[in-house]
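Q: For reference, the chains in residue letters:
Protein chains: 4
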Amino acid sequence: MTGNTFGKMFQIMTFGESHGKAVGVVIDGVKAGLPISESEIQKELDRRKPGQSRITSPRKEEDKIEILSGIFNGKTTGAPICMLVWNKAMDSSKYEKIKDLFRPGHADYTYLKKFGIRDYRGSGRASGRETLGRVAAGAIAKKLLAKKGMKVIAYTKQVDGIKAKKFDENEIERNPLRCPDKTAAGKMEKAILKVRSQGNSLGGIVEIIARNVPTGLGEPVFGKLDAELAKALMSIGAVKGVEIGAGFSVAEMKGSECNDEMFSSKGKISFKSNDAGGILGGISTGQDIVARIAVKPTASIALKQKTVDTAGKNRTIKVEGKHDPCICPRIVPVAESMVALVLADALMMQEARQRNNKI
Amino acid sequence: MTGNTFGKMFQIMTFGESHGKAVGVVIDGVKAGLPISESEIQKELDRRKPGQSRITSPRKEEDKIEILSGIFNGKTTGAPICMLVWNKAMDSSKYEKIKDLFRPGHADYTYLKKFGIRDYRGSGRASGRETLGRVAAGAIAKKLLAKKGMKVIAYTKQVDGIKAKKFDENEIERNPLRCPDKTAAGKMEKAILKVRSQGNSLGGIVEIIARNVPTGLGEPVFGKLDAELAKALMSIGAVKGVEIGAGFSVAEMKGSECNDEMFSSKGKISFKSNDAGGILGGISTGQDIVARIAVKPTASIALKQKTVDTAGKNRTIKVEGKHDPCICPRIVPVAESMVALVLADALMMQEARQRNNKI
Amino acid sequence: MTGNTFGKMFQIMTFGESHGKAVGVVIDGVKAGLPISESEIQKELDRRKPGQSRITSPRKEEDKIEILSGIFNGKTTGAPICMLVWNKAMDSSKYEKIKDLFRPGHADYTYLKKFGIRDYRGSGRASGRETLGRVAAGAIAKKLLAKKGMKVIAYTKQVDGIKAKKFDENEIERNPLRCPDKTAAGKMEKAILKVRSQGNSLGGIVEIIARNVPTGLGEPVFGKLDAELAKALMSIGAVKGVEIGAGFSVAEMKGSECNDEMFSSKGKISFKSNDAGGILGGISTGQDIVARIAVKPTASIALKQKTVDTAGKNRTIKVEGKHDPCICPRIVPVAESMVALVLADALMMQEARQRNNKI
Amino acid sequence: MTGNTFGKMFQIMTFGESHGKAVGVVIDGVKAGLPISESEIQKELDRRKPGQSRITSPRKEEDKIEILSGIFNGKTTGAPICMLVWNKAMDSSKYEKIKDLFRPGHADYTYLKKFGIRDYRGSGRASGRETLGRVAAGAIAKKLLAKKGMKVIAYTKQVDGIKAKKFDENEIERNPLRCPDKTAAGKMEKAILKVRSQGNSLGGIVEIIARNVPTGLGEPVFGKLDAELAKALMSIGAVKGVEIGAGFSVAEMKGSECNDEMFSSKGKISFKSNDAGGILGGISTGQDIVARIAVKPTASIALKQKTVDTAGKNRTIKVEGKHDPCICPRIVPVAESMVALVLADALMMQEARQRNNKI
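Residue numbers (the numbering used here), protein chains in the order written: chain A, 19 to 377; chain B, 19 to 377; chain C, 19 to 377; chain D, 19 to 377.
Next comes chain A alone, as it looks inside the complex (with noise of 0.2 angstroms):
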């Protein structure tokens, strides 16, 4: 129940600081017999390290995984797997300079009151490299899910007010915006290299789609779909906002607008719209899951900001470092993980129970 577990039957703890020896994840529950290579974690990992493109930070991480334990002859035992990657070459000395101060838009604040100390060091516990963890994790629950025909995708929506128009799932990962629609990728990536060169950053939307998920996911009353998904995706860092389904474009309809409305053909039920994003009541609809996140811009950014240093004095700060202008490509997979986890931890509540029903 402490703050750095997620999950409850796939569940998974979370170790590791920015700059500390290593970054890592422990998963407990993962079932017994599953194929498992550290290549095909390393693959996910790679769609989250920086120095991906021109529109990521620069820095060079090769953050090569490393499973400890849990896996023999190659198959998961049940036992808890612990991967980490080391953490190299970091430097830490650009961080001693603004120790004392309160970096603006981060946590440097809120740890230090809350825990009374705080390891400074690119941003300590509270950094993005947190989320190596995640997605490590979050590979073994895609492939979980993939033996059962699911499949986790996301993808950068929306950027500086330009919107994804097209949906070519293809070109997603063929481009550095990870959108699905080359064009408007072409457009973000302009936008944010124009705002990088003013010392700035961009936020942006990501949005999250689950396909194949059986209906009957979630556990209602707060342990709903649509509620453990709001918690996972609100968990990433620069996350504002999660909407599902309709979401907040809700308040502006009429309830004959909203609701799904069903029909039979060929002896298969359906809705003739996804409004619902694939969650009734708390539980999965067996349409597709579709779930949006507010990416807050990088609040590392180059221009001199005001702010206090931990004597109280007032004080202004530019950021140095190299930082991602938006970091929406890199939170896809992520958000990707974030899902996959809540998904197969839905799926063995059910199978739980499902198998308790044919007594």
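In case anyone wonders, no lab produced these hints; they're calculated from the structure. Heads up, a few of these hints could be off.
Since the list gives no way to pick one copy over another, a pair counts as held whenever it fits inside one copy or between any two copies.
Dumping the calculated EDC-like pairs for lysine to aspartate or glutamate here, alpha-carbon to alpha-carbon at most 20 angstroms [what the hints assert, rightly or not]:
1) Lys-106 x Glu-189
2) Lys-93 x Glu-114
3) Lys-106 x Glu-84
4) Lys-39 x Glu-84
5) Lys-184 x Glu-225
Could you slot chains B, C and D onto chain A? The hints should help.
A: Then chains B, C and D, alone, in the frame of chain A:
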């Protein structure tokens, strides 16, 4: 960890169905020595009951709370507090007629698919009546928070495109919308009455503010305060989106706009703005916590809709009965309660940690 | 995770005090579709109620169960099941007289120290009446287990040095001791009546056996089946020790004596002995689960005892009232219930895992 | 809630197998600001490592601890603490030979049945090496408790019928038995050496005492302090029984003998005896917490035993290798750790409650 439990240290479990014998809640973890009377719980329940105004369901439900345990000589003892409301004069006859039909926008289909059985009387467990237990527990959480000077308020922010532009806190409980802008409230009411007369319903946006929250609440990296709030709020029946602070508008912001600069004045550290909504890195900053939820239009509408029955045949349905044309005003106390429950829980977690810190 | 919750997937929360309005339980996680009637719950409650025989407390409590939720048309729906018993005709007057005294062997002192307030009427929350909720929940767990062919039985094994030497299962419910050896039961009864006439009480040993438990239940390394059983059984009021299989006698064994050798006969793998008590490495072996608990003599005795009062003054006390001279026979259904709850929970966990394994 | 997690507020998750890459632990919930060095953790690990004396396994394992996260400038930050020991020079060859055989008294059969796959190298996850993580976490828990004046000690109380009759605390770490009675320790050692020479092993009893525990720890009615201790101690590999205070001897006591009378002297409330073992109603009384565990003889013995193989054929087995002839001395630090973990957790729970009480 089951679906009907919420919270870690201040933990609740709700029970009961719409047309069953009773709906209620058991709360565990409430400090000993807190004075609690049925009348103060009742006051909160009265805010969520139907029949309050022209724009709520005209059903007459007394919803009288009864405390069964955990109180001795008017004070909490530290033992679990069970509270319930007896369901009286429930008329299930109109549900008999549509028991084989899946009402669009409702959880009928998903409950049947998940559990293989469905209590179809008044939506059963999926009914909004379940929130009675949440509001009763929320009343105790609010009282606990009030002892620390904290206050949680919610109100209708937007309906049918009409937005509250003024904020008069005293106005909130004076109009049927629970809207802090009297003029806007009048317009919203008209819109709702019109749509109801058409057999339809409206969605809206409810905003929640928590004041005087101390710095340091929230348990990163998964039990972040915003993550817990997102889960809590998304677990409310009609909610399809949750945002914190600037929320989805961060998608169109630059870092320099979104970061809340800090300053010091007379020895007090403050923020120039509150785009963060009072939470940085998942930990409260000491500013107001600000959240908004997207509320979908009531699914029960009198208009004819296409659907299927349990045998998989195409059918049409008109949902009879006395339903709220816009649920926002009655969601207000539920949203307040969920936020209060999250804060009470986070407070206890932090207190355990702080005492510890003093070692 | 609070103190009044037990179980993970088959989860219960009990509530209520001895002389409060009611005592009860909410169960979450029960499969949908299980037929449940109040009469079958009542049958188990009748086994724990006072006034059953000469050697139980002569108090007359009807203890009639009422199911408030989670059942529809006689079957579970998957929603939480709330069940309670109203406390009737409770006479708190004799507790008024000793409300400032700490009864030796009771939790009076520790409750006051922990909570700063104490419901002194009939031991309040620390009363054995709390186990009503456990037995009601246990009745459902037993029914669930019975569907899989499992059975949990308990019985008095030893009182005042008199040990059951025969095992006639049918005899258990025929004598007031719930002892499988009729002759021993007669001797135990005499010993108890004699000690009661002296204003004193006796302890004893209760043994619990679970039959037809499938191989594979238990979640190492902390959620081992024996660890969960130990917690469950030690949580019963008067229990001061728990042992599994050969238990404390292993301290005087050699490895060659303690190890249960295995053999195969007609394609079936078996063990030559069961010193392990049906659990190896925290996982069920498929043999009978065997556990024993040490039950302390009832703390409420008529003899004069030295104690102190809440003002810290030396005092003496005689505990009046109708108390059980030996609680073993009434602990039997409670112990069965706790074991059944642990097994039902472990079964659901393993079912989730197994289904998963088939991927 | 998964099986490899223990504790609620002071929570640990262990990982690793005997012959895998590493064994370790992640601890979450440790207060910030606590000074921790690898050397103080190492000191505790050295107490459990093999090769310490003539009566432990002569295997040479360095078991050097490495802290990977959660410490900054020598102090805890409130972030999860990952610690591990690399498994070096593990020889799995002798396990290859018996990989198809179920060793009597071991978890081979149950692990294979539960998970469908088994890491047979050195017992895999079921190995005693897993307790390394417990002892490392326990070292931190002990330090936390020490700040409050608390101390947990354990020692061998009985082996082969030889009981410790004297209690010289300083003696404990001076003899290989970790027995507080030097004379008894000598006899025990002889008995062990004799039995080892016969290819056999011995069980025993270990006692644990916790001193200066404040009144009020424990969360009734299921999270009672004795219930949590029972779970914690029973989760240790070789333990088959747990008793608190007078333990199983209560079965032969009368109430007047078993109740600990109270008295007041110079304004201090005390108990005349401690049959309760420092716990009443599941809450600490302020007296010493006293618990005992029954430790079974090491399952790995050189004598020929009957068993079956994975194909279901009758076979015989002699377990080769360097095994402890009596595991008691090495269980001592593990038992201390588990008790310390339970107390650290209970302390945080109570601190949250107490602070709250002061509202």
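Q: Determine for every hint whether it applies to the structure shown.
A: So, going through the hints one by one against the coordinates:
{"no.": "1", "hint": "Lys-106 x Glu-189", "in the structure": "neither (33 angstroms within a copy, 47 angstroms between copies)"}
{"no.": "2", "hint": "Lys-93 x Glu-114", "in the structure": "between (44 angstroms within a copy, 18 angstroms between copies)"}
{"no.": "3", "hint": "Lys-106 x Glu-84", "in the structure": "both (14 angstroms within a copy, 17 angstroms between copies)"}
{"no.": "4", "hint": "Lys-39 x Glu-84", "in the structure": "both (13 angstroms within a copy, 10 angstroms between copies)"}
{"no.": "5", "hint": "Lys-184 x Glu-225", "in the structure": "within (13 angstroms within a copy, 33 angstroms between copies)"}
Hint check: a violation occurs at hint 1 only; the rest are consistent with the structure.
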